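Read top to bottom, the protein sequences are chains C and S.
The opening residue of the first sequence carries number 0 in numbering that gives the first Met the number 0; numbering runs sequentially from there.
The opening residue of the second sequence carries number 0 in numbering that gives the first Met the number 0; numbering runs sequentially from there.
The set of hints was computed from the structure by calculation and includes no laboratory data.
Here the structure is a predicted model, which means the values were calculated and not measured.
Each residue gets a CB set at the ideal place from its N, CA and C atoms; glycine is no exception.
A few of these clues could be false.
Label pairs and their in silico Cβ distance ranges [to be verified]: (1) C:Glu76 <-> S:Lys216: 35 to 41 Å; (2) S:Arg51 <-> C:Glu57: 43 to 49 Å; (3) C:Glu85 <-> S:Ile217: 41 to 47 Å; (4) S:Asp213 <-> C:Asp133: 34 to 40 Å; (5) S:Thr195 <-> C:Asn111: 34 to 40 Å; (6) C:Thr25 <-> S:Asn179: 51 to 57 Å; (7) C:Asn158 <-> S:Gly148: 22 to 28 Å; (8) S:Ser70 <-> C:Asp19: 41 to 47 Å; (9) C:Thr25 <-> S:Leu156: 21 to 27 Å; (10) S:Ile217 <-> C:Thr25: 19 to 25 Å.
A few chain C residues that face chain S, going by a derived Cβ cut-off under 10 Å, partial list only [stated by the list, open to error]: (11) Gln23; (12) Glu67; (13) Ser120.
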Amino acid sequence: MRYTLLFYLFLSLVCCEPDDICSQSTQTTPRLVIDFYDIENLSDKKSVAGLFAIGINEQGDEINIIGESVETRDRIELPLDGNNSESHFKLYKNYNIVDGIIQGNPDIISVNYNTESIYVSRACGYKNNYSINDLNINNDIDLWIVFSDVIINQVENENIAHVQIFH
Amino acid sequence: MSKYFINIFFIIIVSLPLSSQNQEKTNSNDSLVGFNQKYGIRVGFDLSRLGRTIFDSYYNGFEINADYRISKRLYIAGELGFENKETDSDYLNSKASGSYFKAGVDFNLYNNWVGMENLIISGFRIGVSSFNQDRQEYKIYDAYNQTWGEVQNQENLEFSGLASSWIELLFGVKTEIINNLFLSFNVQLKVRLTETNPNNFENIFIPGFGRTYDSTKIGTGINYSISYLIPIFKKKSVINSN
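Construct the complete structure from the given sequences, taking the supplied hints into account.
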């Protein structure tokens, strides 16, 4: 019955179900990573107290960013809108809600970019990579952001920051 | 669960010719037996592809196959077919269609009892395929797409003139069910040698080779065929049996 044994060997190869689920560790569409630096000492990172981001769509409506919460930190990841070549975000400093009224200082940033769809794998399909053209800080009377600098134009992963914001 | 059914099926398939052989053995006690050996070209078609065409709305395929006896142990064999397969997942929908040709040899590992024509075969093939692929639509994979919404592309893009080649190791049985009519089953293990990779895409399905895997160049296949032996040659053999 050595043939039967050979068949079993074959079966062990034929019967394994492939993993058709996109693995979490696969780099798919990256977010824009921004690091915050100290305006008085340009090489040092500086946390933003009570930092909170909200998206603004084309109609000017506020969009909640999934997974975003108020936190003092020196790095933020923002998902870009793959259906448009521009995304707008309201970045709050000292965000707080007191008696239903939002407190804090919002500054609006606009990111302009080109989008490219790149094939990943049969399970993950395609991802978007972005190439940043420019990042602007909309003028208002009370800016907490002093200036920004795009250091990496190609948004391909989230390992390092693409933009530095000084405050 | 289906794995066990297939296992049982295999055991039955393998044990059928063996058990009929045992009966034969007890009956043959003549010292000299004359019998006709017939051989020639055996042609047939794949029933499993026909069945899948009927029951799987994402699949269309047909295969004809043939083998020719060189010696009792060695057969040259080949397959010719076409396949269409649509692959639909959450993020990607594509369709491959094309034709393929496989050629190689089968080795018969089985010593038949007098007058029987069954085979247990092990063989190899070299396969080539010429095909097109349509990327029908895709969704951008973005773990954070709840914020802005999904990005979809429904623009059909055709990749034509694709080709692939592979080698294949197969193992199976051929049983004569009625005079000159054979039912055969084999499983194939394939290793892809070459393929034209479409720009910013990949070959999801290769006609003749089957589906591809991200991590390996290995593929698998089965064949369940009915074939007819055209007995071109008939040889009268006399063997000495104990």
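Q: Go ahead and decide if the range 41 to 47 Å is satisfied by the Cβ distance of glutamate 85 of chain C to isoleucine 217 of chain S.
A: Given a distance of about 45 Å, which is inside 41 to 47 Å, the answer is holds.
Q) Falls inside 43 to 49 Å, the C-beta gap from arginine 51 of chain S to glutamate 57 of chain C? A) holds (47 Å)
Q.
Looking only at beta-carbon atoms, does the pair asparagine 158 of chain C, glycine 148 of chain S fall within the given range of 22 to 28 Å?
A. holds (26 Å)
**Q.** C-beta pair isoleucine 217 of chain S, threonine 25 of chain C: status relative to the range 19 to 25 Å that was hinted
**A.** holds (21 Å)
Q. Does the Cβ pair threonine 25 of chain C, asparagine 179 of chain S satisfy 51 to 57 Å?
A. Holds: the Cβ-Cβ distance is about 54 Å, inside 51 to 57 Å.
Q | Whether the CB-CB distance between threonine 195 of chain S and asparagine 111 of chain C falls inside 34 to 40 Å | A | holds (37 Å)
Q.
Restraint: glutamate 67 of chain C near chain S, CB-CB cut 10 Å. Satisfied or not?
A. Hint holds; glutamate 67 of chain C Cβ to chain S Cβ min 9 Å, cut 10 Å.
**Q.** Assessment of proposed distance window 21 to 27 Å (beta carbons of threonine 25 of chain C, leucine 156 of chain S)
**A.** Because 23 Å falls inside the window, the suggested range holds.
Q: Could you see if the CB distance from serine 70 of chain S to aspartate 19 of chain C stays within 41 to 47 Å?
A: holds (45 Å)
Q: Given the range 35 to 41 Å, decide if the beta-carbon distance of glutamate 76 of chain C to lysine 216 of chain S lies inside it.
A: holds (36 Å)
**Q.** Given hint glutamine 23 of chain C near chain S, where the shortest CB pair must fall under 10 Å
**A.** Holds: closest Cβ of chain S sits about 8 Å from glutamine 23 of chain C, inside 10 Å.
**Q.** C-beta pair aspartate 213 of chain S, aspartate 133 of chain C: status relative to the range 34 to 40 Å that was hinted
**A.** holds (37 Å)
Checked against the numbered hints above, the structure breaks none of them.
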